[in-house]
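*Asks:* So the protein lines, in turn, are chains A and B. Numbered per our numbering, the first sequence spans residues 1 to 598. Numbered per our numbering, the second sequence spans residues 1 to 392.
None of these hints come from the bench; they were simulated from the model. Since the structure is predicted, the reported quantities are computational estimates derived from the model, not experimental observations. There may be inaccurate statements among the hints.
[As the list claims (entries may be wrong)] Derived DMTMM-like pairs (lysine to aspartate or glutamate); straight-line CA-CA distance at most 25 Å:
no., chain 1, residue 1, chain 2, residue 2
1, A, K354, A, E329
2, A, K354, A, D2
3, A, K71, A, D2
4, B, K182, A, E329
5, A, K576, B, E209
6, A, K555, B, E306
7, B, K358, A, E528
8, A, K550, B, E310
9, A, K555, B, D139
10, A, K570, B, E117
11, A, K555, B, D307
12, A, K555, B, E117
13, A, K550, B, E223
14, A, K555, B, D226
15, A, K354, B, D392
16, A, K550, B, E316
17, A, K566, B, E247
18, A, K576, B, D167
19, B, K194, B, E310
20, A, K354, A, E387
21, B, K206, A, E573
22, A, K555, B, D350
23, A, K572, B, D34
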Amino acid sequence: MDTANIRNFSIIAHIDHGKSTLADRLLEYTGTLSSREMEEQVLDQMDLERERGITIKAQAVRLEYTAKDGKTYMLNLIDTPGHVDFTYEVSRSLAACEGALLVVDAAQGIEAQTLANVYLALEHDLEIITVINKIDLPSADPDKVKHEIEEVIGLDTADAVLVSAKTGFGVEAVLEAVVTKIPAPKGSADAPLKALIFDSHFDPYKGVIVYVRVMEGRIFPGMKIKMMATDKKFEVNEVGFFRPAQTIVAELGPGQVGFIAASIKNVKDTRVGDTVTDADCPVAEPLPGYRRVTSMVYCGLYPVESTEYESLRDALEKLQLNDASLLFEPETSIALGFGFRCGFLGLLHMDVVKERLEREYNLSLITTAPNVIYHVYKTDGEMIVIENPSRLPTPQEIDHIEEPYVKAMVIVPNDFVGSVMELSQEKRGEFKDMKYLDTTRVMLTYHLPLSEIIYDYFDRLKSSTRGYASLDYELIGYQESNLTKLDIMLNGDPVDALSAIVHCDKALFRGRLLVEKLRGIIPRQMFEIPIQAAIGNKVIARETVRAMRKDVLAKCYGGDISRKRKLLEKQKEGKKRMKQVGNVEIPQEAFMAILKMD
Amino acid sequence: MDKVLDYNSPTNSRTKLGVYIHIPFCRQKCLYCDFPSRADGESSFQDYTAALCREIAGKGGVLSSHVIDSIYFGGGTPTVLPVNNLVRIIDCLCGCAQVASDAEISIEANPGTLNSENSAALHAAGVNRISIGVQAFDDRLLALAGRIHSAAEAVRAVSEAAAGGFDNISVDLMFGLPGQTKVDFETSLRQAVKLPVSHISAYGLKLEEGTPFHRLQAAGELELPDEEEEAAMYDLATDFLPQHGFERYEISNYALAGSECRHNLKYWRYLPYLGLGAAAHSFIAGQRQANVVADCEYIRRIFAGEDAVEYREVPEPAVAIAEYVFLALRTVQGLAFQEFASRFGLSFTDRFAGIIEKLAGDGLIAVERGSVRLTVQGMRFGNIVFASFLPD
Numbered sequence: 001m002d003t004a005n006i007r008n009f010s011i012i013a014h015i016d017h018g019k020s021t022l023a024d025r026l027l028e029y030t031g032t033l034s035s036r037e038m039e040e041q042v043l044d045q046m047d048l049e050r051e052r053g054i055t056i057k058a059q060a061v062r063l064e065y066t067a068k069d070g071k072t073y074m075l076n077l078i079d080t081p082g083h084v085d086f087t088y089e090v091s092r093s094l095a096a097c098e099g100a101l102l103v104v105d106a107a108q109g110i111e112a113q114t115l116a117n118v119y120l121a122l123e124h125d126l127e128i129i130t131v132i133n134k135i136d137l138p139s140a141d142p143d144k145v146k147h148e149i150e151e152v153i154g155l156d157t158a159d160a161v162l163v164s165a166k167t168g169f170g171v172e173a174v175l176e177a178v179v180t181k182i183p184a185p186k187g188s189a190d191a192p193l194k195a196l197i198f199d200s201h202f203d204p205y206k207g208v209i210v211y212v213r214v215m216e217g218r219i220f221p222g223m224k225i226k227m228m229a230t231d232k233k234f235e236v237n238e239v240g241f242f243r244p245a246q247t248i249v250a251e252l253g254p255g256q257v258g259f260i261a262a263s264i265k266n267v268k269d270t271r272v273g274d275t276v277t278d279a280d281c282p283v284a285e286p287l288p289g290y291r292r293v294t295s296m297v298y299c300g301l302y303p304v305e306s307t308e309y310e311s312l313r314d315a316l317e318k319l320q321l322n323d324a325s326l327l328f329e330p331e332t333s334i335a336l337g338f339g340f341r342c343g344f345l346g347l348l349h350m351d352v353v354k355e356r357l358e359r360e361y362n363l364s365l366i367t368t369a370p371n372v373i374y375h376v377y378k379t380d381g382e383m384i385v386i387e388n389p390s391r392l393p394t395p396q397e398i399d400h401i402e403e404p405y406v407k408a409m410v411i412v413p414n415d416f417v418g419s420v421m422e423l424s425q426e427k428r429g430e431f432k433d434m435k436y437l438d439t440t441r442v443m444l445t446y447h448l449p450l451s452e453i454i455y456d457y458f459d460r461l462k463s464s465t466r467g468y469a470s471l472d473y474e475l476i477g478y479q480e481s482n483l484t485k486l487d488i489m490l491n492g493d494p495v496d497a498l499s500a501i502v503h504c505d506k507a508l509f510r511g512r513l514l515v516e517k518l519r520g521i522i523p524r525q526m527f528e529i530p531i532q533a534a535i536g537n538k539v540i541a542r543e544t545v546r547a548m549r550k551d552v553l554a555k556c557y558g559g560d561i562s563r564k565r566k567l568l569e570k571q572k573e574g575k576k577r578m579k580q581v582g583n584v585e586i587p588q589e590a591f592m593a594i595l596k597m598d
Numbered sequence: 001m002d003k004v005l006d007y008n009s010p011t012n013s014r015t016k017l018g019v020y021i022h023i024p025f026c027r028q029k030c031l032y033c034d035f036p037s038r039a040d041g042e043s044s045f046q047d048y049t050a051a052l053c054r055e056i057a058g059k060g061g062v063l064s065s066h067v068i069d070s071i072y073f074g075g076g077t078p079t080v081l082p083v084n085n086l087v088r089i090i091d092c093l094c095g096c097a098q099v100a101s102d103a104e105i106s107i108e109a110n111p112g113t114l115n116s117e118n119s120a121a122l123h124a125a126g127v128n129r130i131s132i133g134v135q136a137f138d139d140r141l142l143a144l145a146g147r148i149h150s151a152a153e154a155v156r157a158v159s160e161a162a163a164g165g166f167d168n169i170s171v172d173l174m175f176g177l178p179g180q181t182k183v184d185f186e187t188s189l190r191q192a193v194k195l196p197v198s199h200i201s202a203y204g205l206k207l208e209e210g211t212p213f214h215r216l217q218a219a220g221e222l223e224l225p226d227e228e229e230e231a232a233m234y235d236l237a238t239d240f241l242p243q244h245g246f247e248r249y250e251i252s253n254y255a256l257a258g259s260e261c262r263h264n265l266k267y268w269r270y271l272p273y274l275g276l277g278a279a280a281h282s283f284i285a286g287q288r289q290a291n292v293v294a295d296c297e298y299i300r301r302i303f304a305g306e307d308a309v310e311y312r313e314v315p316e317p318a319v320a321i322a323e324y325v326f327l328a329l330r331t332v333q334g335l336a337f338q339e340f341a342s343r344f345g346l347s348f349t350d351r352f353a354g355i356i357e358k359l360a361g362d363g364l365i366a367v368e369r370g371s372v373r374l375t376v377q378g379m380r381f382g383n384i385v386f387a388s389f390l391p392d
């Protein structure tokens, strides 16, 4: 197909502004899927995505659309995640496109992630089509939203398309805008192959399926290809596109988006962002890659049953095949035994990975409280990177510690400015800017320690603004902070997996809160369990879990043994969710307690 | 002494069998009770009795291959049924099966439904053990628990049972009742041992879902003794009753020597029993089964010639083993390795080496020559021990 008839685009939006519904409508309208095949959030294939109403993995799908000009176009839609954690995936998807649909909720207007995604799209030089969605809502105010977009982002909204993805209104107009406004890809079919890898997934039968955007040249079965970053060579078995099911074609030409299967065993050979070229006739220069993934949040993942360690490793390896942003390396904990320290893009990402491990791989896991990465400058001049609080050197060895800071953008109705400021202040934030989006909505910019965001900033932000605030943030670098390690002792023994790095001013408060919380979480056992919080050698808080007096089924006759057995099974099941540390049984949630302290 | 059954050959020449007969009726439902029974069943008494007789007649196979050495009428309140009906059921059973001449025939009774006439009539019909649900010799506590009788009636019921000829009388006492203190419980224990009883069951109140107590508790309207107090009552029973000649032979059961309940022991010793009537459970040839719970439906099925059994399960070997273990460990004698080995073809100590070591280390079980039993501490934390033998 002539590249003139190809359009490659993404949809970017704040969470819940209707991105997936619009994608569904586009598929339906273009007849890519019959209404029989349609199900809600068609592109969100993971159960988790559907349940949570979010997109985690980027998806690419090809639509055919006969426009009003009478020509048939090949539209490649690359769906993107909307959550701040997955900005990286968004960035990858955008690199494969010439344009983007910016979807904004007609009732809510611009939110923090709208901005973040627009800036990303602009970074990639994309043509942006503004789509104002949900205009069927009684509270929709498209003019106000247009005004906001012009004021805040500086996009011309004269051509903004008004849509109700729910009712289907305006879907054709969106498709027309895609055809007329988004530039056709450039690139020659005769040039040497140059294709950008923007995603991959592992197929147990075909090996790694590489998602590519062909920039120059052609790719077809039998061809020898080379991955430029890894220098690995493969012979192509199959090429095709998604509709959204895999559809095999004879070749992918310039401007096209699709997949390659080439019996690639190891996903590490196909680095996302890398360039695929012709092994026999390689290009000299790879395409510019894009922002490398940075893990913002680390936590320990341990099997409840130590015998499941190998299964956990296998599961992590398999997940990593489809999730290049997941990092892990083995670590050991005195309390929890063998496990892995894992790096995530953010808390949602961490949650999703944990849930997938438990659900898809049937593992029972302990997750330690997430933490950021600290830069510790030692008195001997060395700088060490600390991903696990229990590894913090002794105070005598530390000159100073730096922690990551983010620039946080909060968009909120002006009534709540005071509470946001108060909260941000409490969270050690530095006020940077305040801007009115319109007469009622305000954008606040703060520099905040990332650790505070992870701790409870977002939850508290939501609750103190009755859910109206939206937040986006990006890493801006490291700053020195007055930090110390808080240790927890159970029954007199320190539990390394419960250690946390906290700000000195808050150590006492958090220590008290944490032991109190743990007292509520740790079930009573046959003996009394003291819980202590300590900084260095100094105990700063103590609580006691009283001993249980008895635990026995009193009446056991009448012959209904099955029922008694079921009660015991339930008890045993509950125990399975607990980790034996020393002689104390600790439920999984204890390790996350430090996060949940309101 | 019961001998261990080889349940691979159920026709094994006349092995012993217990029979449980469920009477799902009460005068009034107690506030803590979640047993299958109802208070307004009087119009069903005749049909239910007839259905039971018909069910018995249909069990010719299993009955003819066993000798019945225990019959247990449980409820509900069996004594709400007119004595004639109970006698008819016993007669029917004796007509269809070989009931051993020394069979233990027990009946549960509520003091409010027991008098000298029905006591004597039951005794004359061959009932030789009566288990009276006293719960507390304390009018205040009885009223709070929704019991229909007074403490004085309970005392009188025991005397009348004795006067009616019963020399094997059990009373049930509860601790941990709303409003109950350790002193209250001690009063009941003292009263119980003064009476002509040979067996005492003392069990802690458990809040079962669906009961009024459970709802009151959820609404914060139930004033239960605190845990310390409840534990003190438990300790009191374990100390007081043996001091008065009632040896503990199971977690909640105490008896004068030789008056242990043969029927209940069958549950704990993994011996077979046949359950008759609505909601009754059976355990025969390694299979567990239960009849349909609703009495009307039970009656309908029996008269329609349908199977009253609603639930059937043959526990997998690992589950059967766990059941065997947690039942055996409820008794003071505990689990005999030899018996376990002959039943399952396995060495208990080999199979559970790790668990035994841990539980013994925690002071919950004591391994002796040829057997293992719960320690005093283990009795208190029985569930921890029991649950650890369940398969993963």
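*Asks:* Each of the hints needs a verdict: does it hold here or not?
*Replies:* For each hint, the structure was consulted:
no.	hint	result
1	A:K354 x A:E329	holds (15 Å)
2	A:K354 x A:D2	violated (45 Å)
3	A:K71 x A:D2	holds (12 Å)
4	B:K182 x A:E329	violated (57 Å)
5	A:K576 x B:E209	holds (24 Å)
6	A:K555 x B:E306	violated (32 Å)
7	B:K358 x A:E528	holds (19 Å)
8	A:K550 x B:E310	violated (35 Å)
9	A:K555 x B:D139	holds (23 Å)
10	A:K570 x B:E117	violated (46 Å)
11	A:K555 x B:D307	violated (29 Å)
12	A:K555 x B:E117	violated (30 Å)
13	A:K550 x B:E223	holds (19 Å)
14	A:K555 x B:D226	holds (20 Å)
15	A:K354 x B:D392	holds (22 Å)
16	A:K550 x B:E316	violated (30 Å)
17	A:K566 x B:E247	violated (30 Å)
18	A:K576 x B:D167	violated (48 Å)
19	B:K194 x B:E310	violated (44 Å)
20	A:K354 x A:E387	holds (18 Å)
21	B:K206 x A:E573	holds (20 Å)
22	A:K555 x B:D350	violated (30 Å)
23	A:K572 x B:D34	holds (23 Å)
Checked against the numbered hints above, the structure breaks hints 2, 4, 6, 8, 10, 11, 12, 16, 17, 18, 19, 22 and satisfies the rest.
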